[in-house]
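**Student:** Chains C and R, in that order, give the protein sequences.
Per numbering that gives the first Met the number 0, the first sequence starts with residue 0, numbered consecutively.
Per numbering that gives the first Met the number 0, the second sequence starts with residue 0, numbered consecutively.
Some clues are possibly wrong.
To be verified - Per the computed footprint, the stretches of chain R lying under chain C, defined by three or more beta-carbons under 8 Å from a beta-carbon of chain C, are:
(1) 264-277
(2) 287-299
As the list claims (entries may be wrong) - In silico DSSO-like pairs for lysine-lysine, Cα to Cα no more than 27 Å straight-line:
(3) C:111 / R:72
(4) R:72 / R:233
(5) C:44 / R:233
(6) C:86 / R:297
(7) R:72 / R:49
(8) R:68 / C:44
(9) C:81 / C:111
(10) R:100 / R:68
(11) C:86 / R:289
(12) C:44 / R:72
(13) C:44 / C:57
(14) C:57 / C:86
(15) C:57 / C:111
(16) R:53 / R:233
(17) R:255 / C:57
(18) R:120 / R:103
(19) C:81 / C:57
(20) R:233 / R:100
(21) R:289 / R:72
(22) R:172 / R:103
(23) R:233 / R:120
(24) R:289 / C:57
(25) R:53 / R:36
(26) R:172 / R:72
Calculated from the structure, these hints are not laboratory results.
Since we're looking at a predicted model, the values are computed, not measured.
Where is the CB? At the ideal position from N, CA and C, for every residue including glycine.
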Amino acid sequence: MTHKISRWLLPALAFIGAPALAHHSYAMFDMTRTVTLDATITQFKWQNPHSFIEADVKAPEGSEHWAIEMTAPNNLVQEGWKRTTLKPGDHVTIFVHPLRNGDKGGSFASVKLADGTTLGQSASGKKS
Amino acid sequence: MRKAIAGFVLATLAAAPLAAQDAYPAEGNLPAQPQVKRPRTPIPPEQFDKMVPKHPGQLGVLAPANVHKPRPKPPFDLTGTWFVDLRGGFTDFMFGPPYPKFYKAGREALIEGAKATAAGKTYRDAIGQCYPPGMPMVITRVWPQNFIQIPDAIFMISGFNNSVRQIFMDGRKHTDPDIVVPSYNGESIGHWEGNTLVVDTSYFEPEQHYIDMGIPISDQFHMVERINLLDGGKTMQIQYIMTDPDMWEGEWRSTKRFLREDNTDINEAECILQYNEHLPGTELGSETAKERGQTELKGVTNDK
């Protein structure tokens, strides 16, 4: 599943991987790598300039907490997102491009919801 | 008793504003709503008059007598929502290369910015720390830009941070440099040269104000924009001619195009520094992530 999504993401990554160096420098994220998170949502904030997800993530040695940065709601809407798409307690699979330094944070790539629906984010490279 | 409750409320709010509501009993057992009393001290007219900012001898651009002053019909109307044309590549949001010949600070930015990128770090993350992007970067930040043109002014409102810029078209001169307040968008005076709108902008705030990847400006930064409408008004082209004798030699020229987007509007978008802890791409967010420590999850590379 991860590989399938990764291939699907490649054109988008080519688009957004290089730029965005002034603010949310994507340089901090490893855009060449995708991590699959077995996640329980603790917070989903629908806001400008960036939405974000906070989640508890199942790890080999227990649980980790991650912060996942997203693009703006105007762009997420174009991918089918709603303000109510995620709520605390939801158990989902999130695909992220992780921080290059190995800390627990990433740039959102896509999510597989409990009902099987998969949502990505617009490749807008939205900057703030 | 009422004073005691009010005192309790004030103390609670001052100590922990966000937790204050939790300190109250459930609905039905709430304390009586305190009566709010505020002393009213009249402000003498002459004191009130000084509270209103003014520039005597110069009508404001929204003063009806200024708006409706007879003027030649402008060649075009920029009113609309515009979006930077990035169809040629995302890096078109930047203003170089080509770059002018930079002095020390600019060269350092080019070198250190590239090093930071290679190391996966931010460089001069001023916008990420909620400093205003300022002109020229605010206009290419991949957010819609509203232009509102009236007879004696053009207002630009960015979808990002709702940054406001006024271009005065009423024939005024730049403000006295001894009283002007430097700003991130500068002070802009426009006039028409045939079918071109020419905008002259000075008085920029240089603190944490960068172009492209951390290239600094000084208080000598000056910008001229030559603006035209193309494609029957669907495309706006702006040629930027930027000088800064303290930072680079000669002119830094760059041309950007913007597309008219009729099916969108701008939203309120506030940069709230405290929220950055949730955004690992910012300095604060990366510090928060560091506190959480290293992950055990390594993922896979995308090309497998």
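**Student:** Look at each hint and say if it fits the structure.
**Tutor:** For each hint, the structure was consulted:
1. Remark: the segment 264-277 of chain R is confirmed as covered by chain C, as 8 of its residues place a Cβ nearer than 8 Å to a Cβ of that chain, reaching the required three.
2. For the segment 287-299 of chain R, the stated coverage by chain C holds: 12 residues have a C-beta nearer than 8 Å to a C-beta of that chain, and at least 3 were required.
3. A C-alpha spacing of about 56 Å is found between residue 111 (chain C) and residue 72 (chain R), which places the hinted pair above 27 Å, so the restraint is violated.
4. For a cut-off of 27 Å, the pair hint linking residue 72 (chain R) to residue 233 (chain R) stands: about 20 Å separates their Cα positions.
5. Distance check on the hinted pair: residue 44 (chain C) and residue 233 (chain R) sit about 35 Å apart at the alpha-carbon level, beyond 27 Å; violated.
6. This hinted pair checks out: residue 86 (chain C) and residue 297 (chain R) have alpha carbons roughly 26 Å apart, not beyond 27 Å.
7. Using a Cα cut-off of 27 Å, the hinted pair residue 72 (chain R) and residue 49 (chain R) is violated, with the two alpha carbons roughly 37 Å apart.
8. Of the supplied pair hints, the one linking residue 68 (chain R) and residue 44 (chain C) is violated, its CA atoms being roughly 48 Å apart against a limit of 27 Å.
9. At most 27 Å may separate the alpha-carbon atoms for a hinted pair to count; residue 81 (chain C) and residue 111 (chain C) meet this at roughly 14 Å.
10. Distance restraint check for residue 100 (chain R) and residue 68 (chain R): the Cα-Cα separation of roughly 45 Å exceeds the 27 Å cut-off, and the hinted pair is therefore not satisfied.
11. For the proposed pair residue 86 (chain C) and residue 289 (chain R), the alpha carbon gap of about 25 Å is at most 27 Å, so the pair holds.
12. Distance check on the hinted pair: residue 44 (chain C) and residue 72 (chain R) sit about 47 Å apart at the alpha-carbon level, beyond 27 Å; violated.
13. Between residue 44 (chain C) and residue 57 (chain C), the direct Cα distance comes to roughly 21 Å. Compliance with the 27 Å bound is thereby established for this hinted pair.
14. A threshold of 27 Å between alpha carbons decides the hint, and for residue 57 (chain C) with residue 86 (chain C) the separation of about 18 Å falls inside it, so the pair holds.
15. Straight-line distance between C-alpha atoms of residue 57 (chain C) and residue 111 (chain C) comes to about 15 Å, which keeps the hinted pair within the 27 Å bound.
16. As the CA atoms of residue 53 (chain R) and residue 233 (chain R) are separated by approximately 38 Å, the hinted pair breaks the 27 Å bound.
17. The suggested pairing of residue 255 (chain R) with residue 57 (chain C) is violated, with an alpha-carbon distance near 47 Å, which exceeds 27 Å.
18. Pair hint residue 120 (chain R) plus residue 103 (chain R) holds up; C-alpha atoms about 22 Å apart against a cutoff of 27 Å.
19. With a C-alpha separation of about 25 Å, the suggested pair residue 81 (chain C) and residue 57 (chain C) falls inside the 27 Å cut-off, and the hint holds.
20. The straight-line distance between the Cα atoms of residue 233 (chain R) and residue 100 (chain R) is roughly 34 Å, outside the 27 Å bound, and the hint therefore fails.
21. A threshold of 27 Å between alpha carbons decides the hint, and for residue 289 (chain R) with residue 72 (chain R) the separation of about 59 Å lies outside it, so the pair is violated.
22. Distance hint between residue 172 (chain R) and residue 103 (chain R) is unfulfilled; the C-alpha atoms sit about 33 Å from each other, more than 27 Å.
23. For a cut-off of 27 Å, the pair hint linking residue 233 (chain R) to residue 120 (chain R) is broken: about 38 Å separates their Cα positions.
24. A C-alpha spacing of about 18 Å is found between residue 289 (chain R) and residue 57 (chain C), which places the hinted pair at or below 27 Å, so the restraint holds.
25. For a cut-off of 27 Å, the pair hint linking residue 53 (chain R) to residue 36 (chain R) is broken: about 33 Å separates their Cα positions.
26. As the CA atoms of residue 172 (chain R) and residue 72 (chain R) are separated by approximately 21 Å, the hinted pair is consistent with the 27 Å bound.
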